[in-house]
Amino acid sequence: MTARHARLASSLGALLLAAACTSSYEIQIETPIRPKLDVGAFQRVLVAGFLAGGTEDVDGNLETTRLLRSQLRTKSELRVIDSDVLPLMDVASEAKATDSGQQPPAAAPIKEQKDLEPYEHVFANAEYWKKIGEEYQQPLIVTGTVMFTPLSKNQLVQREQEVYDSFGRRRVIPVRSYQERKGFSLDGRFIFIDGRSGATLHTEMFGEQVLYSPTQSTPALSSYFELMDRLIPSFLSTLSSQKIKGTRILLQ
Amino acid sequence: MSMRTVVPIITLLVGLAVAPLAADARDDAKKQVQFGISVAQKSLWREAIFWWERATKVDPTYAAAHNNLAIAYEHEGDLAKARAAYEKALELEPNNAMIKQNYELFKEINDRTTRKTGQ
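Read top to bottom, the protein sequences are chains A and B. Each residue of the first sequence is one higher than the last, beginning at 0 in numbering that gives the first Met the number 0. Each residue of the second sequence is one higher than the last, beginning at 0 in numbering that gives the first Met the number 0.
Derived from the structure by calculation, the hints contain no laboratory data. Please note: incorrect hints may appear among the correct ones.
[What the hints assert, rightly or not] Once the Cα atoms are required to be at most 25 Å apart in a straight line, the calculated DSS-like pairs of lysine-lysine come out as:
hint, chain 1, residue 1, chain 2, residue 2
1, B, K106, A, K35
2, B, K99, A, K242
3, A, K244, B, K41
4, B, K106, A, K244
5, B, K99, B, K56
[Said to hold, decoys possible] Covered, in the sense of this in silico footprint (three residues per stretch, anywhere, with C-beta under 8 Å from a C-beta of chain B), are these stretches of chain A:
hint, segment
6, 23-36
7, 227-237
8, 241-250
Ideal Cβ placement from N, Cα and C applies to all residues, glycine included.
Isolated chain A, as found in the complex:
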């Protein structure tokens, strides 16, 4: 063995020894997340309603309002106001008609995000939100847009296929092919409005997608709840502090 080989072997030994000496310990942690919005000035929250569109199988306005109210009831210190859900599309159309002095136009179907744009001026109408605030003792108002649309994408998938050669021997080979997968996307934003002044305090954008295999038949409402489940932690962390549990590795 040459001196060079001896040196190499001893360095390798030292490296292996160092690796063997490194101890690790798994430990549970809880990361506190401060709320993004200071809601100290409010005792009540009003989830007013949403501009919604997309598939007709789910009423995005009604379902989102119901779901957020129930989540806030159990996971926030704010008192949740029970009220009728605001038909924001109608409110926006009427406000526009009043401004222009014309009859409100017949509502066009809302199929994609840009179809909501003609109605979004309602969020900037501080007078309207102030009036709503006065009606409900100046709460924090939650509103926004919800677009729940069917989605279809071609994805590369791998499956196993049986093949027989010229001698009749069976083999299983992986075959990759494009497959159309269907699902839904949920996009929009949560808007938090000060019920005392009607001013927007904070806006939170969101966007989630889910795709299923062609053999799977998932109702639209189930997909909606699946996607909302992903958004809820972020929504709640805007209003109240959250603790996220996890595992980390301590090293020695």
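Given chain A, put chain B in place with the hints provided.
Below, chain B alone, put in the same frame as chain A:
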């Protein structure tokens, strides 16, 4: 004795003199890290931070101390300090799979808190 002979000898002597100091610093830091681990396991995270901060001062090249400190900062909700400590640990040991895994999990939480917002 020529310069060509003297220089390597001096380098060797300096190396030999410094090596035990470095080893002492690492040994000392290891003790502090171990103590920090034992208190963290009892959920005494503030005390753990104290020991791990000391360890990083005694031996700033000790990646494990920075990694543990990052975890403790994360537990205390100090995400900016946690990020800096994880990045230091990875700078010292870029191929350490356990530090990488901790950092990835941390980033997932950190990204959630800094999700795209407007206004």
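Now for the hints, and whether the structure bears them out:
1. B:K106 to A:K35: The given pair, whose Cα atoms are some 18 Å apart, holds under the 25 Å limit.
2. B:K99 to A:K242: 22 Å, holds
3. A:K244 to B:K41: 17 Å, holds
4. B:K106 to A:K244: Given that 25 Å is the threshold and the Cα spacing comes to 14 Å, the pair holds.
5. B:K99 to B:K56: 22 Å, holds
6. 23-36: holds (count 10)
7. 227-237: holds (count 3)
8. 241-250: This one holds; 7 residues, not fewer than the three required, reach chain B with a Cβ under 8 Å.
Consistency with the previously given hints is maintained throughout, with no hint failing.
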